[in-house]
Each structure stands twice: as C-alpha cells, then as structure tokens.
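Sequences are here, hints too, so could you generate the full structure?
There are 2 protein chains.
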Amino acid sequence: MKKFALLSIVVLVLVIGAGALASSSANSGTSANHSIIITLFWIALLLVLAKVASLLEKIGQPSVLGELLMGVIIGNLFLVGINFFEPIKSDTLLAFLAELGVIILLFQVGLESNIAQMKKVGLRAFLVAIVGVICPFILGTYIVGPLLFPGLSSTVYLFLGAALTATSVGITARVFKDLGKLKTSEAQIVLGAAVIDDVIGLIILAVVSAIATIGSISLGTVSSISFKAIAFLIGAIVLGQFSAPFIGKLFSKIHTGIGMKFTLAVSFALVFAYLAGKMGLAPIVGAFAAGLVLDPVHFKTFKRPKAIDDLLESSKTLPYKHREKLKQLAHHHSEKHVEELIEPLSYFLVPLFFITTGMNVRLDSLFNIKILIVAIGITLVAIFGKYVSGFFAGKVNKNLVGFGMVPRGEVGLIFASIGSSLGILSHELFSVIVIMVIFTTLLTPPILTYLIKKQEKPLVS
Amino acid sequence: MKKFALLSIVVLVLVIGAGALASSSANSGTSANHSIIITLFWIALLLVLAKVASLLEKIGQPSVLGELLMGVIIGNLFLVGINFFEPIKSDTLLAFLAELGVIILLFQVGLESNIAQMKKVGLRAFLVAIVGVICPFILGTYIVGPLLFPGLSSTVYLFLGAALTATSVGITARVFKDLGKLKTSEAQIVLGAAVIDDVIGLIILAVVSAIATIGSISLGTVSSISFKAIAFLIGAIVLGQFSAPFIGKLFSKIHTGIGMKFTLAVSFALVFAYLAGKMGLAPIVGAFAAGLVLDPVHFKTFKRPKAIDDLLESSKTLPYKHREKLKQLAHHHSEKHVEELIEPLSYFLVPLFFITTGMNVRLDSLFNIKILIVAIGITLVAIFGKYVSGFFAGKVNKNLVGFGMVPRGEVGLIFASIGSSLGILSHELFSVIVIMVIFTTLLTPPILTYLIKKQEKPLVS
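So the sequence lines, in the order shown, correspond to chains A and B. Quick note on numbering: the first sequence equals residues 1 to 461 in this note's numbering. Quick note on numbering: the second sequence equals residues 462 to 922 in this note's numbering.
No wet-lab data here; the hints were simulated from the structure. Think of the CB as a built atom: it goes at the ideal place given N, C-alpha and C, for glycine as much as any other residue. Mixed in with the good hints there might be a few duds.
[Said to hold, decoys possible] Stretch-level coverage of chain A by chain B, calculated; a stretch enters the list once three of its residues show a Cβ under 8 Å from a Cβ in chain B:
1. 54-66
2. 255-268
3. 337-345
Pasting the structure below:
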C-alpha cells in the first residue's frame, strides 16, 4: 500500500502544482505560445497517468484497459465539480498527437504481420468481415430498432443498424499486442477483417448519409466510392511491395545510419496513412497496409545499433562456436530493429490515443435508467452480431475472433454524430449508441484477456 | 550521378503525386479531419527531404546545415512561382511538432552533459554569456545603429542592440552533436553560456519592451522578472536532482519495462519545459535543465533492451574473461539506454524544427542591395560581438567558443517582430535584422565544422 500512497503524492503534487500555475497569470513564453506550453504539460501528465494506470497489469489485465479507464476517470471528474482536466478535451495539438499515435500503432501491428500470413487467412477474414457487418446491420435496422423504438422512420433504424457495423481495430490490436499474441491466426483474421470492415463501413456511411440527406443514392456513386477504396488497398499493397526494396536500396546510398532507417519506415507509414485518408478511408488502414508490405529485409542495407556492434567486436577473440551464436543473434536483432526503433515513438504517442479515447466517454449518459436499459439491449445485439462472425473463422478459437470484432470505438461514434448532426438521431438514440460504444470498448480488453489466458492454461479437472 | 537522378525521381513522384491528390476534390476522412491528414503527408515529405539534404555530410558538413538549406530552398520556391510548399508555413500542427523537436534536442543535449561538468565550466560560461550580451548590445545601440541609421530615436537603436544579444543554442548544439563533440569543454561552455544568455535575454526583452511601450520600467518589475528566471533555473536543478532518483525508484515499482523508463524521461523533460515556459523562459531552457539533472543512474532499476539480455544469456557458456567483457558492455549499454530510447523521437521531430526554421528564411529580403549591404555590416558586428566573448572562455579553443555563440536563430527574430509590431522598427530595419539572423544561422555550421576539423588534424608544416 505504501507505493500507492507515494504514487498518489507524486500525482497530487503534479496536479496541484499545475493548478496553481494555471491559475497564476499566464506569462507567454519568449519563443512558444501559450497553447504549446500548456500542451507540453498535458502530454507529460497523461503519459505519467497512463503509466500509473498500467498497475492493472499486476492483476493480469492489458495496459490498454488501464489507459482507457484512467481516461474515463479523468474525463468524468467534471461530474463531481473537478474541471481541471477539461481543457484536454479541446486541445487540438493533443488530439493530433493521439491520432498520430493510433497511426503508429497500426503501423507497428502491420509490421508484425506480413502479406503471406494475411493471404493465408484472407478468405476467412473476408467472411468474418462480411458476416460481422451484415448480421448487426440487419439486427439493428429490421429487428431491434423497430422493437425498442417503435414508430420511428426507417432512416432512423438504418442509422442505428449502420452504427452497429464498424469494427474499431485499435482496441483489439492493442490487446493482442499487449499480450504478445499478434502473430496468432486469430489476431490476423481479426485484423484483416477489421481492415475490410473499414472499407465496407466507408461505403455504408456514404450510402446511409446520402439516403438521409437526399433520400436516395445513385449506383454510380456507390460503385465509385467502393472502387476507390478497394483500389487503394490493392494499389497500396502492390505498389508498396514493389517500391519498398527499391526505396530502401536507394536511400541507403545516401546514408546507412539508423536515422535513415527510421525516417524511411515512418515516412512510408505516414504517406500510406495520408493516401488512405485522401481516399476517404481511415488513415490507420493506410498505416496498417504500410506495415504489412514493409518487411525487415528491406532494411538489411542499414546499420544495426552500435551496442550490438560493440558486442560483436568484443567477440572476435571468442571460440568459433560462441562467435557464430552471437552473430546469429546480432543478425536477428538487426532484422527486428525497425520495430524496436518505432517502439519509443509508440511509447510517446499511443497512450495519448487511448487515454483521450477514454476521456470522450461520458458517464452521465449512463444516469438515465430507461436509456441505460435500452442501451444494454443494443449492446448485447452489437456483441452478438459480431460474435456470430467468429463462426466463419475456420479452425481457430472462434470465441477469440468473435469477441475480437466487438469493439466499435470511434467509428461507431462517427456514425452517431453524423446521424445526430443530420437531425435523424434523437438525443436519446445518440446516447444509446454512445453507451453501446462505451460498453463494447471497455468490455473487449478483459474478455479477450480472459479468453487468451484460458486457452493458454487449459483447466485441469 | 545515377543515385542523384534516382533520388530526384523519387522526390518528384512524391511531390507530383501529392499535387495531383491535393488538387483533386478533398474527401474528408471518416475518422480524422482534413488538416490532420495533410499534415501526415507534410511530415513524411519534410523528413524525406531532410534525409536527402543530409547528402551534405558527404562533403563533411553537419546534417543540420543540409536541413536548414533544404528549408531555405523549399521555403523560397514561391519566389519562382512554385507555391506547393507554402501551406507548410501556416500548418500549426507541424509548428507544434517542430517546437517539440527542439525541446527534445535540448533535452538530449542536456542528457549528454551533467551538473558536475557544468560546474567545472560554470564561471567561464557566465563570463562568456555576459560579454556576449554586453558587447553586441553596446555596439548595436551606441555605435553601429547611430552610424548606419542616423537620426532615428534612441528606442530604435535600443531594439537593434537588443536583437543582437540573444544566442540561439539549437544550431550550435546540433552542430556539436552531429560531429560528436558535445562533451568537449568548448561545447559545455557554449551551452552553459547560451542558457544564461536566455535568462539575460528575457530580462532585456522585458526592459526594452517596457521602455518602448510605456517609456520606462520600474526596478521592481526588472527584479521580479530576473528573480523568477533565476529562481526557476536554480529551483529546477536543485529540485530535479533531489527528486529524480526518488521518482525513478518509485515508478520502477509499478513497472521496470523500457516503456516506463522512456515515459519518465520524456515527462521529466516536458514538465521542465512547461515550467520554463510558464516563467517566461524559452521551454528549451527547461528541457536542457531536465537533461542536465537526469543521470542514467536514476534509471538503473529499469530493464535494458531484450536483445542485450539475449546476448548475455548466450554468453553463459563462454570462458570467464569474455563473459565479463560482455557483461561490462551490456552494463554500459544499460546506462546509455535512456539516450538511445530518446533518439528515435529525435529522428522524428528534430529535422522538422530545422527544416521549418530554414523555411522561415525569406530570400527576397536579400534582393535590395542597399539593405543587403547594411545587413552585412550588422552581421559582421553581430559576429564580432559574440566572437569577442570567446576570449573569456579560459584555456580552450577560443575560436570555437566565440563562433559557437554566433547564431541568433529564432530569438533574434522574436525581438525583430516585437519591435516591428510595436511600430518601432521600420520595414527596412526589420529586414536587416532578419538577414543578420539568416547569415549568423547559416554561417555557423560550416565555420564550426571547419574549426573542429582543423583542431582534430593539426596542419603538418
């Protein structure tokens, strides 16, 4: 308990100190404006809080759950009159870093996968994606919507169904990553399905928005959107595979340093994310594709860290057997090195994404019992609709795939806010969708962790 | 030549592709807004261009010069009708990353120094700082100002003198870092002096602004500003040294992973940068102080990279002598590891700072011959004024210290723009100061590089 007490003191001092400073007259700096300076503090505070939250690992939960929950806590303190953390919600610089964070995360996830693995699970991922879209859409639009909210227009049900379709890959990817299970077939299927989901989700969003605003949509528009999205994915993968070795070789002529290796990898990810965004897809889809096509072998012309070279140097006097063993390890390290280079960037940016995602959860939407009950119903439908898709994943742990597809995250919220801004979704229905997103997002990490651990240690009867 | 041709093709394809996309109708993404998406592209492009510019290393120049020059080129293409890069100049997200970059750079520079070293050069750094402020100030205010621009009010000369005082530590630190000379006494003296300069510069700015706006300034205000600035520096160093080991030990109880080590170090830097900003100092001064007080030993409770552990594991079967040697190297690596962990962040952010700094250089201000000649005069004074300070650096390479203090960078521009916005500096005088900043910034890297190389290889007569 002593360490908790000490920790609380550190955090308290940070918070009080900042509070005192924040209330003192703002003295704008000589070379940076006020908003940049305060953001420096928020970044540090959120990173430290995220690490405090990783105490959850001690009870076997992935640290992403800790980050989300910490976000939920500090994001809802305003309900008890503490407004200290509120400025974070409107800090655009922080929001940008968070977005960069999820892009880097999906790039890392893509790096740990590769085309060959994806091809192996491709068909199953496709089936899972299709079922995981159709099932919740039909349930939402034609059954649960009319049942729970009778007498509304069919457009409303359409939006409810659409909001139930899109999988948020961030949460699931992070859980698999935290538990070191990214390379399992289950993880690969979920990742592949989530990417395909995003493409389908884009098309659904366009269709539903068009129906809501102009009452109809032409087949031409639908096919144009579909074509662009699919062309991007195929184009990115083909072009990326073709160009990556060429670019790697080319730039290694300028410099073979670690900085060049890092820059090429990150720039690759950012350009793909940008192109995806340009095509109307989520930038994370592009970042994932970039990671997928980049193979460590493309960087074999670049240097490994100096410490490894030092070790190898000192091994020159060793007996042959040991020397070879060391060389082998060093070679392995050199190949893994891109991932290791990206890691610090991910330490810096990724927690900002999950903690701010948590902050956007508004607990006061849970206070209305009637809405809460309906929302729990919708959540069960949301979970069931995706869970079913797991049965099409072939010979793997179907529960794991099914639950891996459950989180709706920010994509569900986008549907909800567009529907709300178009005046289609009432405040009540908007809250219901938000609560569904909260539940699916927060329930997935512990459920996946439980399923993975159960699989690892079969119960002894 | 072949590789240059190939390089040009890659860059051209990037640029044309982006141009084509940029002109196509903007399709806002599903989960990120347009400004974030385009910024992703700018980051990638600038990072790649910065790496292309590092070709300058092949002719023995530090890569920071390449980054600056690349910035100057792309920032001035609008003069020949190419407006492609112009949006970068108003991209606030990019500006924020650049600012983060220089903070991380000064933190790294601080990490490579430590309190003990600084104490050793403290007095000399102080002398260099004082002389380096007084000399250009007197030259500017009382001699060159009245001589070159006769008949203006004394306030104008005051601003000109003030603009000549502030050293920009970023450029010099980066040159010493690029050439691996940060630990030399010369570098330490310049760094110490530049930090003290920033404190003095803050006071001068306050005084000069007050005189310009309200005609006078109370001694109370001057002492209050001075007190706050000095109290921050002393407070940060004392408190930091006291708290760092404690915080390190505390958080290692939650987690001893690499992520925790990274987070603590970066958060430390950001909090110090924030506090400096709050006190009206440049955030980089705080980041440098944070690096200064953080010692690798504070992180000895944290893990080293897994690759090193793997190597050590495989060394178990080695003869004692070799095993010890490997352990020693691994231990060394573990201590250096914080710096290595920060490095990728610096690859990502630091080039953005220097390339955008270069972009802010407006070559059209050089087109007016009369202004240009006057500006060259002022530049020589600026250089001479700082060069003289090198003679107070004791038994070191005085040329190196003197020229190390020369760059004015962004701080000089702040003086110029405040003077201009207060209506004190005419457009001409503003241009003169800008040109002085350009010259001191761009001349320093090659001069320092020349001096360092000359020192390394004494001429054989």
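Hint check results:
1. 54-66: n = 3 at 8 Å, threshold three: holds.
2. 255-268: holds (count 10)
3. 337-345: holds (count 6)
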